[in-house]
Amino acid sequence: MNNENITVSEEISAEQQFFNEFNNGLHKLGKISLIAAIIILVAVPFIYGIVNGVSVDIGGFFSGILRVGIIYYPVALAEFLVYAPMLGVGGSYLSFITGNITNMKIPCVMNAKDIAGTEPGTPQHEIISTISVATSAIVTTLVIVVGVILLAPLQPVLNSEVLAPAFNNVVPALFGALGLKYFLDSPKIAVIPLLLLTLLCIFVPSMINQTSLLLLPSGGIALAIGWFLFKKNKL
Amino acid sequence: MNEYLQSVNAGYFYLLVAGVLAFITAICVLFLVKSYKAGIKIGMDKKVLKKTIMASASFTLLPSISILLGVIALSGTLGVPFSWLRLSVIGALQYELNVAEMSAQSLGMPGLSVSGLDPTAFTTIALIMTVGILGGVLYCIFFLKKYLKKLAGKPKTAGETGKKSFGAYATTAMFIGLCAAYIGSYIGKAIPREDSDVMPLIVAAIAGIVMSVFEFFIRKKNIRVLENFSLAASMLIAMAAAVGIAAII
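Line order of the protein sequences matches chains W and A. One gets this note's numbering by counting positions in the first sequence from 1 and adding 217 to each. One gets this note's numbering by counting positions in the second sequence from 1 and adding 247 to each.
Quick caveat, the hints were computed from the structure, so don't treat them as lab data. For every residue, glycine included, the Cβ atom is placed at its ideal position computed from N, Cα and C. There are no misleading hints in this set.
Quick list of the computed label-pair ranges, beta carbon to beta carbon:
#	chain 1	residue 1	chain 2	residue 2	range
1	W	V379	A	L277	43 to 51 Å
2	A	K468	W	G334	26 to 34 Å
3	A	Y259	W	V408	47 to 55 Å
4	W	L367	A	G363	23 to 31 Å
Could you put together the complete structure from these sequences and hints?
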């Protein structure tokens, strides 16, 4: 009996040791891959600039990245803290480089977890999660490749003057649809910021074209209301 | 097609993007093969692993088509190759458009529109979009190992036990703030005065109405498959309506 127990625990420890080594390997591979991907992605705008004989507007870049970073780096941190435990090691590295995390990778991993019957934190879940995210990313890339090939001949139509009003209003279309969805999901958080921002833009017209600056107070108010309601257990 | 649109739809740009995507896809294949082999090694059933691959592939098909619709929506202003790149890696439609709009404003433009763009503006906007989205990637590089190690020894977090943590609400709240700022600006812009423009508000309203129809079928009739298309389809219908409205007014 004792010998059997020792053999089982040796097997578990061998499996755990293999898994720890596997995870360490994924961390190493993940870090190297992500650093290489960053370099390649950042190079794309510069290569376009060199080919077209233009360079980055440095002032515009810093002004823009400040506005964008102040919002999206904290959002990315929240996503990282919430999603990384669900995605595991390999799943996290792949998800954060391939994107569409909330709308695709997380539901895909949850679906795979249910099918395979694994629990987060176990070696089995780590493997299922990585396989799921990798497959999802590959399929997305392939679908979009096929779509882009089919899209290329339609370019003159897409860029015609007739369709210009459609593409000039793509941002309002996004926020109309997205706004309704989020406002329906959390009306208690939405009412006050929406009302305040509307009044501000009606009475201070100079603010209308400064939406990127308005995002800070607007997001801050929504966040404060959300925190208050969360603490009161009213969300 | 104007000079700017020609430059962002040039043949070499397609090849450049294809190369970048091939590299990132190769990383995915590498992770997939390594994990599959590790699964076999720790005694997981091959059938379960294959089923996971099949299920994930089929689960992804519909949302991928909706991402493709997003590429169409972005391509009119940023060109097909860059839209293809942005929506294939890291980002998501809502991020890309919002950041492109913010970047255009930081360059002194009223917003993202083809008429105001040129190669210099595009280069800067493209760089802001790229660097601005790297937060999650950088957190992974620097903190993932330590973070997961720390969690491994701890009892389950609120997120894992089913109760949502504030992190999930915080992201929703930030996006609500974002939407409120934009919708507020469209209402302000529609007020009759110099430089007023009612089109953004009309387009936003149409997108909202179409989205509410989708939400009705998703929430009340439980047709969950529509979730994959609701955003992109609402946008495309509202954008198509903008063409009709512009022809009338």
